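**Student:** Sequence:
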Amino acid sequence: MKIGPMYQAVIPDLISEGPCPATESENALLVWAPCSTIDDETLDKYINEAKEKYGYNVEQ
1 MKIGPMYQAV IPDLISEGPC PATESENALL VWAPCSTIDD ETLDKYINEA
51 KEKYGYNVEQ
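Under UniProt numbering, the sequence shown has 22 at position 22, and the numbering climbs by one with no breaks.
Rather than coming from a laboratory, the hints here were simulated on the basis of the structure. Be a bit skeptical, because a hint or two may be false.
Label-pair distances were calculated between CB atoms; the ranges are [to be verified]:
1. G4 / P34: 36 to 46 Å
2. P19 / K45: 17 to 27 Å
3. E52 / L30: 22 to 32 Å
4. W32 / E52: 51 to 61 Å
5. S16 / G55: 35 to 45 Å
6. I11 / E59: 45 to 55 Å
7. I3 / L43: 21 to 31 Å
8. Y56 / C35: 11 to 21 Å
9. I3 / V31: 41 to 51 Å
10. V31 / K53: 38 to 48 Å
No more than 20 Å apart at the CA atoms, straight line, and that leaves these computed lysine to any residue pairs for SDA-like [said to hold, decoys possible]:
11. K45 / A28
12. K53 / W32
13. K51 / E26
14. K53 / L43
15. K51 / N27
16. K51 / D39
17. K51 / P34
18. K53 / T42
19. K45 / N57
20. K45 / E59
21. K45 / N27
22. K45 / L29
23. K51 / W32
24. K45 / P34
25. K53 / T37
26. K51 / D40
27. K45 / W32
28. K51 / E41
29. K45 / G55
30. K45 / C35
31. K2 / I15
Bear in mind that the values here come from a model prediction, so they are computed numbers and not experimental data. Ideal placement from N, C-alpha and C gives every residue a C-beta, glycine not left out.
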């Protein structure tokens, strides 16, 4: 490993392209949502089984 001022990177100033456009969509994608008619207890059982049996977490 080389140490000293001769071996330091020169980092250029940030060239900003301006603020992000408001029309730009978010990259998140909803892949699953529970049916609105399912009760909370049944949904909790489903989520717990998915976590315990298959190793999923709440975000998955």
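**Student:** None of the hints should be skipped; say for each whether it holds.
**Tutor:** Hint check:
no.	hint	in the structure
1	G4 / P34: 36 to 46 Å	59 Å, violated
2	P19 / K45: 17 to 27 Å	45 Å, violated
3	E52 / L30: 22 to 32 Å	24 Å, holds
4	W32 / E52: 51 to 61 Å	18 Å, violated
5	S16 / G55: 35 to 45 Å	42 Å, holds
6	I11 / E59: 45 to 55 Å	35 Å, violated
7	I3 / L43: 21 to 31 Å	57 Å, violated
8	Y56 / C35: 11 to 21 Å	18 Å, holds
9	I3 / V31: 41 to 51 Å	48 Å, holds
10	V31 / K53: 38 to 48 Å	19 Å, violated
11	K45 / A28	26 Å, violated
12	K53 / W32	19 Å, holds
13	K51 / E26	27 Å, violated
14	K53 / L43	15 Å, holds
15	K51 / N27	25 Å, violated
16	K51 / D39	19 Å, holds
17	K51 / P34	16 Å, holds
18	K53 / T42	16 Å, holds
19	K45 / N57	14 Å, holds
20	K45 / E59	16 Å, holds
21	K45 / N27	30 Å, violated
22	K45 / L29	24 Å, violated
23	K51 / W32	15 Å, holds
24	K45 / P34	13 Å, holds
25	K53 / T37	25 Å, violated
26	K51 / D40	16 Å, holds
27	K45 / W32	16 Å, holds
28	K51 / E41	15 Å, holds
29	K45 / G55	14 Å, holds
30	K45 / C35	14 Å, holds
31	K2 / I15	29 Å, violated
Violated hints for the displayed structure, listed by number in ascending order: 1, 2, 4, 6, 7, 10, 11, 13, 15, 21, 22, 25, 31.
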